[in-house]
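Student: Chain by chain, the residues run as shown.
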Amino acid sequence: MTRVIKRIVQSIFIIFIVSIVCFGLTKLAPGDPVLTYIQPNMSENYINQIRESLGLNKPIYIQYFIWLKGILAGNFGHSLINNRLVLTQVIERLPATMLLMGTSLVISTIIAIPLGLLSAEYKNKFLDKIIGFLSYVGISIPTFWLAIVLIYMFSVNLRILPSIGMHSVGDNTFLDLLKHMILPCTVIIFSNVAVYIRYIRSSAITELTSDYVMVQTAYGASRFVILFQHVLKNVMLPIITILGMSLQNLVSGAIITETIFGWPGMGQLAINSVMTFDYPLIMAITMFTALLIIIGNLAADLLYSVVDPRIKIL
Amino acid sequence: MKELFLKKLPLAFKGNKMALGAVIVIILLVLASVFAFLYPVNPNKINVMQRLSTPSLSHPFGTDDMGRDYLARSLYGGRVSLLVGFLAMILSTIIGIAVGTVSGYFGGIIDTVLMRIVDVLMSLPTFLIMVVMSAYLKSGVESVIIIIGLLTWMSIARIVRAETISAKEREFVIYSKVSGERPWKIMLVHIIPIIMPTIIVSATINIASAILMESSLSFFGMGVKPPNASWGSMLNNAQGYITEAPYLAIIPGLLIFLTVISFNFSGDVLRGVFEPNTKTD
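In order, the protein sequences belong to chains A and B.
All residue numbers for the first sequence refer to this note's numbering, where the first residue is 1 and numbers rise by one.
All residue numbers for the second sequence refer to this note's numbering, where the first residue is 1 and numbers rise by one.
In case anyone wonders, no lab produced these hints; they're calculated from the structure.
None of the values given here were measured: they were computed from a predicted structure.
Be aware that one or more of the hints could be misleading.
Here are the in silico distance ranges between beta carbons for each label pair [claimed, not checked]: (1) B:E244 x A:S305: 56 to 62 Å; (2) A:V306 x B:T243: 48 to 54 Å; (3) A:G70 x B:I165: 39 to 45 Å; (4) B:L38 x A:N57: 56 to 62 Å; (5) B:P226 x A:L175: 40 to 46 Å; (6) A:G170 x B:N47: 40 to 46 Å; (7) A:A29 x B:E142: 57 to 63 Å; (8) B:L57 x A:I164: 50 to 56 Å; (9) B:E142 x A:I111: 37 to 43 Å; (10) A:E44 x B:P183: 52 to 58 Å; (11) A:T2 x B:I165: 21 to 27 Å.
Some chain A residues close to chain B (C-beta under 10 Å, calculated; not the full set) [what the hints assert, rightly or not]: (12) I12; (13) I15; (14) V18; (15) A29; (16) I256; (17) V274; (18) I294.
Lysine-lysine pairs mimicking BS3-like chemistry, simulated, CA-CA at most 27 Å apart [unchecked claim]: (19) A:K69 x A:K58; (20) A:K125 x B:K17; (21) A:K129 x B:K17; (22) B:K225 x A:K123.
Just so it is clear, CB atoms sit at the ideal spot from N, CA and C, and this is done for glycine as well.
Just need the whole structure built from these sequences, with the hints factored in.
Tutor: Shown next, in the form of structure tokens:
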């Protein structure tokens, strides 16, 4: 139990340091934050008053603690652009991203596991070479290029799939949503599957040389059962690592994919906030994503011992 | 040791035609970028009369929306993309080696502190931070190189640290330590040559991801600014003309893809040469 607590304390420590980095990053930004609040003919006095009210006159570590206190209370401040609460904006965009990324994640895993296992089983045979080549393509292809090519093929040429947004105007049906999801999900799934397959394949190859595979074969178990029952259980470890790493994607979304497809999610919000120098929003999204990365790693770490009793963490 | 690697290298490439192809592609691209000036067309010469013409004899890759020859732009753009990728990799590798060897060699509190720093940096959303930082710094090739270099050294550091920890137990390293060699000399002269194969593999993969990141950043309008081109910014420009002139988007993307996949492939082949004990080949 102590190891779990140690790990959690470590993670909290990292979260604090990350928060300092996030805060510092936005404070280092060029430009005076007061500029968004003032007009050219205001008196020097008035400008200083505004500066004071925003707390910008205080030393930087005080500003940090004020910000931190706000964060812990759930107050991420107001957007500099439209003055709405940052938290509201983030929560608004979250479902769209989670829908896209969640679906892609699930489908990626479902596709990658059999492909990875089969790749290991038929190592260096034709199937493996094809799957291997496709995985190279998947990790090397620029996502924005794949997106553009798919848009060109299916939206411009064949005109069967929409290329922008989440819904067609005035059409709120589920089928329409699905149609809008197909292209962006394909882009994300292709890249993800490529990465997953490599891990699963190498792990499965190592497993297939183990003793228990030999024993099971001697007992007469079919290759299928060995692969998808016994080997799969042992390959869960890298899969959990990957899923833990992918947790942050559920939120930060695929920034590139969302922007190209005009998908109204967190990724698009992130890019827009950077383009418009909307610092409170940038800070919030960065913190949020970093938090999820840390939690994802922690969860993966802790899940190891559940999946593999040989690893003693709990 | 070195002779063994040098002997294994050509064998690995001979048997594997795709690996050979990958290396040829890389060499061709590097040569094309370096000798881009030999191609007599000016990549920035605007000729609005000939805008958006499809590939033909006079313009092998066609022209873009301002009538500039696309082949010339691709060559010079390739130079930028490859340069950024290479230099970013160098920066990343130097930081990674420095942090990794110091961390692995000295251990103790230095190791703990450095690895915590690595943990913190790896917990940041890389692409997002890159976008944020490129919005701050003045745009241009130097900024992109520094940003990518500063955010991708962590995985190299971890690998180098693991290798250093095992390398420092070798006999001649222990002998050097005992005979009073200064730590810096030991690290430079003994440890780094031992871990060099791993570094080379990581560096190859690092170039591939650096090129991808540079093109992604340029695609968003950060990084290389017009009239200079990089493959990513060419793609950004091409988005608006996807219906009229799809080749504007297809060509730079294809070039990025070929470059990256060649580097990734070479990196994996090199890994197979340098680490024969991994059973996955």
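Student: Now, for every hint given, state plainly whether the structure supports it.
Tutor: Against the structure, the hints come out as follows:
| no. | hint | result |
| --- | --- | --- |
| 1 | B:E244 x A:S305: 56 to 62 Å | 58 Å, holds |
| 2 | A:V306 x B:T243: 48 to 54 Å | 52 Å, holds |
| 3 | A:G70 x B:I165: 39 to 45 Å | 42 Å, holds |
| 4 | B:L38 x A:N57: 56 to 62 Å | 60 Å, holds |
| 5 | B:P226 x A:L175: 40 to 46 Å | 42 Å, holds |
| 6 | A:G170 x B:N47: 40 to 46 Å | 44 Å, holds |
| 7 | A:A29 x B:E142: 57 to 63 Å | 19 Å, violated |
| 8 | B:L57 x A:I164: 50 to 56 Å | 37 Å, violated |
| 9 | B:E142 x A:I111: 37 to 43 Å | 41 Å, holds |
| 10 | A:E44 x B:P183: 52 to 58 Å | 57 Å, holds |
| 11 | A:T2 x B:I165: 21 to 27 Å | 25 Å, holds |
| 12 | I12 | 12 Å, violated |
| 13 | I15 | 8 Å, holds |
| 14 | V18 | 5 Å, holds |
| 15 | A29 | 5 Å, holds |
| 16 | I256 | 6 Å, holds |
| 17 | V274 | 5 Å, holds |
| 18 | I294 | 5 Å, holds |
| 19 | A:K69 x A:K58 | 15 Å, holds |
| 20 | A:K125 x B:K17 | 16 Å, holds |
| 21 | A:K129 x B:K17 | 13 Å, holds |
| 22 | B:K225 x A:K123 | 46 Å, violated |
Hint compliance for this structure: hints 7, 8, 12, 22 are not met, and every other hint is.
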